[in-house]
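Peer 1: Residue numbers (our numbering), protein chains in the order written: chain A, 8 to 373; chain B, 8 to 373.
Treat the hints loosely; a few may be bogus.
To be verified - Not close to chain B: a few residues of chain A, all C-beta gaps over 12 Å, as computed:
1) Arg28
2) Ser107
3) Asp126
4) Thr129
5) Thr132
6) Gln208
7) Asp229
8) Gln257
9) Arg292
10) Asp329
Claimed, not checked - Some chain A residues near chain B, calculated using beta-carbon distances under 7 Å:
11) Ser45
12) Ala47
13) Ala50
14) Pro75
15) Leu83
16) Phe89
17) Ala91
18) Gly94
19) Thr283
20) Ile291
21) His295
22) Gly302
23) Thr316
24) Phe317
25) Ala320
26) Ile331
No lab work stands behind these hints: they were computed from the structure.
From a predicted model like this one, the values you see are computed outputs, not experimental measurements.
A virtual CB, placed ideally from N, CA and C, is assigned to each residue, including glycine.
There are 2 protein chains.
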Amino acid sequence: MDNPLRLLRTDPSGARRGELRLARGGVPTPVFMPVGTSGAVKALLPDQVRASGASLILANTYHLLLQPGHELIRKLGGLHRFMAWDGSLLTDSGGFQVFSLPKHEIREDGVVFEGRQGDRPTTLTPELSIAIQRALGADIAMVLDECLPYPCPRERAAASIERTARWEARSKAAHDDPHQLLFGIVQGSTFEDLRRRSAEQIVALGFDGYAIGGVSVGEGLDLLKRVVEWTAPCLPPERARYLMGVGLPQDILASVERGIDMFDCVIPTRYARGGTLFTARGRIRIEHRNYRRDGYPVDLSCDCHTCRTFTRAYLHHLFAADEILGQVLATIHNLRYYQRLMERIRAAIDAGRFAAEKEAILGEIL
Amino acid sequence: MDNPLRLLRTDPSGARRGELRLARGGVPTPVFMPVGTSGAVKALLPDQVRASGASLILANTYHLLLQPGHELIRKLGGLHRFMAWDGSLLTDSGGFQVFSLPKHEIREDGVVFEGRQGDRPTTLTPELSIAIQRALGADIAMVLDECLPYPCPRERAAASIERTARWEARSKAAHDDPHQLLFGIVQGSTFEDLRRRSAEQIVALGFDGYAIGGVSVGEGLDLLKRVVEWTAPCLPPERARYLMGVGLPQDILASVERGIDMFDCVIPTRYARGGTLFTARGRIRIEHRNYRRDGYPVDLSCDCHTCRTFTRAYLHHLFAADEILGQVLATIHNLRYYQRLMERIRAAIDAGRFAAEKEAILGEIL
């Protein structure tokens, strides 16, 4: 198996610089992937996503399975063409969303859930997930894993990683698309020995890259650091490492320092639509009355279209008037903020001074 | 008073070709103005509005008065700068919205309405409307007129046009911005003699251009034709004629034939957000299941970004998934449809064959 990651440099801190070589072009790492849940990065045109600096985005298999369906997307030429995205695409397995449903049933075969009203229940198996991701034509597919609630009793987590290993073996066996990479996922909840054991199992199966799952929602930065510290050393250093669903800028900085190469998160886009904007001086709530008469751009140091063109007062007004354009402009800004953050991180690693840059960024935003 | 309209040609049908010379550039007529109610053409960036072919848009004085307030916009450099629109702007008087409020009181001084909750009632006078539009920095301002309900008893309409004439005289007296044009408005409800009398009164006052008010909502194409036929011959032929709040493509065609030069309407943008798209074969409801698997663009003959890039199936999917991007793409298309309609109309008048082109367009869409 060719290694898609070209590792360029490892910083004294542990941070890694590399390039992920994908069919549609190289992706510099560490990389942040904007989330295009339903085949659209919410509120933005593909050109606007590209202009943020993103070259790799994530789409959600579960959402696309329900609407419009992966078979339709395949018939229309695949997801890239359907959404007119000429960059690279990573799709998740769909499992995370199914396990989040109030009604789902875990079987050895897969996870059963009720789909759209009136439809029969669907069993999302490792094989079905791979077939869907193949139909979508993702550049990187993810294996189906069992996603655990947080917190999770040790006994359940211990049994779960065994099932996850079996599912990932089936995922790998089912995967037959030579143009698509397949990443494994390490689970193990909050238990160091289970995280290590899961990593060993998954690495033994052999994947193009490795993800760490189960740390995305609400566990806090300390646990995130611990899980990454337990897991990353168990992964082959030459392979890409992806921390799923993370996170805030401080989470990304802490994880890069611990050897993570890839991130995705809804935070920049979701916060934007709610009026929370990332700036070089921390987050601002644009609807706050402080910004009603503010003639400055959202972030003086930002080069995005929003900051080059509009004032905080205008964005405040658009949110007050409930104008869609407010959500568009805020999303343009937040995505560019995240890409600029990654550019700074990569430049710092290139220069061998990641630790200092991390402190500088934290000093700006916290 | 310099005439801002350069009349280039009058077609045998009665249709007129011209150019409106404004501070920010020439605007070819007949022209359709997209509506940017609150200082934003809903869902679009200024660049996207410009790309539709629009060079003159309308903004609503009433909405901007309430939020964010005209004084703030003036302090921030005027409405063009506030919304980053480098084309031309026409503002209405604010009267139409106030007269549409369930609670308003008409006095000789002006019209009284309750503003935002907790604020004292505001009296929109002719002088206040002019002052607001000056603060906004519109290229074309409109006088305050009395807007009547439809239908309206003759007696009330007769009294109303007298008050409208007094208000327009006050508007003109209050207007002192040499960089801003001021248009008068003819009222008179559905009564031929009142329309004629109103036109005589308003023309006697002398304005840079003349609008026909009170035909925008739900009166039907036949009445629209009659009102325009009564009124247009009473207006000085060398001055621009603006039919406010109109309309569907067939309304525009009928009105151009009767000598109208300018239009504005929320239809293309509002319909777009609701999933109704204009095409060379009539309107389509993109949410209809017919389009679920449709791999063609919205309109094969259209050159807009949406039609050049995406399929009907993708737009159907975006609306089904309630994605903001669906509204953005639909708005891009509908605005371009309207601008292409105006381009065809202008080219046909230039070639002296408007009547034939009108029939051709009606044959396509009806």
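Peer 1: Hey, is A:Gln257 genuinely clear of chain B, shortest beta carbon separation above 12 Å?
Peer 2: holds (28 Å)
Peer 1: Would A:Arg28 pass as off the interface with chain B, using Cβ distances and a cut of 12 Å?
Peer 2: At about 27 Å from chain B, A:Arg28 clears the 12 Å cut-off, so the statement holds.
Peer 1: Would the stated hint for A:Thr283 survive a check requiring a Cβ distance to chain B of less than 7 Å?
Peer 2: violated (17 Å)
Peer 1: Can we trust that A:Asp329 is non-interface, i.e. its beta-carbon lies farther than 12 Å from all of chain B?
Peer 2: Non-interface label fails for A:Asp329: nearest chain B Cβ at 9 Å, not farther than 12 Å.
Peer 1: With a cut-off of 7 Å, does the beta carbon of A:Leu83 approach a beta carbon of chain B closely enough for the hint to hold?
Peer 2: holds (5 Å)
Peer 1: Run the C-beta distances from A:Gln208 to all of chain B and say if the shortest one exceeds 12 Å.
Peer 2: It holds; A:Gln208 is separated from chain B by about 36 Å at its closest Cβ, greater than 12 Å.
Peer 1: Quick check on the hint: A:Thr316 CB to chain B CB, less than 7 Å?
Peer 2: With a closest approach of 5 Å, the A:Thr316 hint holds.
Peer 1: Any CB of chain B closer than 7 Å to the CB of A:Ser45?
Peer 2: holds (4 Å)
Peer 1: When the nearest CB of chain B is found for A:Gly302, is that gap smaller than 7 Å?
Peer 2: holds (5 Å)
Peer 1: Closer than 7 Å between Cβ atoms is the bar; does A:Ile331 clear it against chain B? Give me holds or violated.
Peer 2: holds (4 Å)
Peer 1: Are A:His295 and chain B close enough, Cβ to Cβ, to be under 7 Å, as the hint says?
Peer 2: Nearest chain B Cβ about 14 Å off; hint violated.
Peer 1: For A:Thr132, is the shortest CB-to-CB distance to chain B above 12 Å, so the non-interface label stands?
Peer 2: holds (25 Å)
Against the hints set out earlier in the document, violations occur for numbers 10, 18, 19, 20, 21.
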